[in-house]
Amino acid sequence: MFKRTLKSSATVIQLSLNSIKLLETPEKIIRSKKNLSDIIFENITLLFACIVIFLLLDIIYEMFLHSVLSREAFGFGFIFSSDWDPVKDKFGALAFIYGTVVSSLIALIIALPVSIGVAIFLSELAPKSIRTVFSFLIEILAAIPSIIFGFWGLYVLVPYMRESVQPFLNSILGWIPLFTGTNIGTGMFTAGVILAIMIIPIISAISRDVIRAIPTAQREAAYALGATRWEAIRMALLNAKSGILGATVLGFGRAVGETMAVTMVIGNRAEISLGLFNSAYSMASVIANEFAEASQALHISALIEVGLILFVVTFIINSLARLLIYSVTRKYETR
Amino acid sequence: MAEKDLLEKNKYLRYRKTKSNLILILCVLMAIITIVPLLYIFFYTTASGFKFLSLDFITEMPKPVGETGGGMYNAIVGTLILIGISSVIGIPIGILAGIYVAEYSGGLFSNIIKFVTDVLSGIPSIVIGIFAYTIVVMPMGGFSALSGGIALGIIMIPTVIRITEEMLKLVPQSIREASLALGISRWKTTLNIVLKTAMSGIITGILLAIARIAGETAPLLFTAFGNQFFSTSLDEPIASLPIQIYNYAKSPYTDWHEQAWAGALILILLVFVINLIVRFFTKSKFTNS
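As they're listed, the protein sequences go chains A and B.
Going by our numbering, 219 is the number at position 219 of the first sequence; the sequence numbering is gapless.
Going by our numbering, 601 is the number at position 266 of the second sequence; the sequence numbering is gapless.
Be a bit skeptical, because a hint or two may be false.
DEER-style ranges, computed between Cβ atoms [unchecked claim]:
| hint | chain 1 | residue 1 | chain 2 | residue 2 | range |
| --- | --- | --- | --- | --- | --- |
| 1 | B | Y588 | A | Y160 | 38 to 44 Å |
| 2 | B | K354 | A | D85 | 52 to 58 Å |
| 3 | A | I176 | B | G419 | 49 to 55 Å |
| 4 | B | G441 | A | D58 | 23 to 29 Å |
| 5 | A | S171 | B | K339 | 45 to 51 Å |
Keep in mind that the hints were calculated from the coordinates and are not lab data.
Bear in mind that the values here come from a model prediction, so they are computed numbers and not experimental data.
We put the CB at the ideal spot given by N, CA and C, even for glycine.
Whole structure, please, built from the sequences with the hints as guidance.
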């Protein structure tokens, strides 16, 4: 029985070796074998692939087209004015841009160290069983819809912020103008915290992948030279740093575009103030809140222009992030 | 002298070891810090939702303001209809484009499509909502189920493309060769053999995409809009669970808050059950650890 298996597998190996010799470039042969129906099918799939590109271009075109009223009326002043008054037909997006950027930055400041810790834990420390369970849990919990994050934030996090966290921070760090404001719980800081909870799984998952792309041989070499565990990990982190940066930028992009959770806890006041406990507004939130009720053409156009800015910003952020992540994983992929 | 040196080195080594251990403990702490709020959100929503969930909630229509009771029957049906429309749009486009990327394209053009797919998946969903508004709501002259479905369908496309591509690339080249060697034409090989082999993986990917769009709220705010009544027509506003939760959560009525929690539980269950099914059946494919 065993002998026969051995013999047959030897034949298989021989056969496959022969076939490799025969088909030196199987890719080429497959590609050369075409008839009319093949050409038709290939072009159908090509058409659908082009739909995707067309879709992206059409999104840009439509948003450009429908924001024309606002662009003509305000020009670049739209970005630099914080006057948002639909009744008086005055629109400026600065307060929303400020709110989006600052809340996302808060999220990033909280999320980055935590995510790197999680990534190290998952890629280097945890035994396989814990790693599998933990990754699974994080992935599945990260799939909770953002509306539920917002709902929970509004009824659980906001009171907690109002009663415990913000008074505490204010009493210790109140001398810094950042940690002041009307303490009602909703506001820029709370939005930042919710966003941090939402982007940690993304940043840590990608960082973990990037760190794991660094070859083990490098760590072994570090240990052989007498490095402690942390020193060996630090080497890996340094090599993966552009990928981790990419993951961070990607997380930032998510935070910038996040709508529902932010809308529910940021307080929705178009103001620019230094105190983080004050209410603020974000680009996505103003679209969510006002778009369905906007009736004048100029108001709709201004909101679409806010959307256009949001699109351009996330487009740049995402392109940058992808390039950074590709750069690390490509470098170590050919092992 | 030498002894002193050694002692000095020993001290330094101990310092390095302590530092290493401290940082590693910190990493474990970070992992706990991450998981606790996520679990807390999950269990809090489940517990609050469970308290207010009843059979009436699933089978009854919403009651007018001021009357207690009633349910979200219309929103549950609406969500299913929206998922249906978006699947009809997102799945074929996604799979066919994915086939092109995995089977036919090579070089620059394939990289362009991959890049565009990545960019599309990174566009905030609310921007997709605006796009659906400009191409469907404006010409049709009103909010509609169709526009909501189209918005969600567009959100699905990049996920489906990526998963199709990855699954097709997992299919061994020898299978294609075997089929072609038998004289089966290439498109039949791709459809009947390669795609069929990868189908289970693709289906789980599609399920994940559906789980994602089921909870999308932002693009529906000004496309499907929401509806207090039962509706199945595609050219009228339609209710959906996320929108109903959003509207109820913002309202000042405790009764509506309770219903919103129950709705959140149903939504979370929907997303989780889909995720669990997917992970259960594709353990080896997705967790490469």
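Here is how each hint holds up against the structure:
no. : hint                           : result
1   : B/Y588 with A/Y160: 38 to 44 Å : 23 Å, violated
2   : B/K354 with A/D85: 52 to 58 Å  : 56 Å, holds
3   : A/I176 with B/G419: 49 to 55 Å : 52 Å, holds
4   : B/G441 with A/D58: 23 to 29 Å  : 26 Å, holds
5   : A/S171 with B/K339: 45 to 51 Å : 49 Å, holds
In this structure, only the earlier hint numbered 1 is contradicted, and the remaining ones agree with it.
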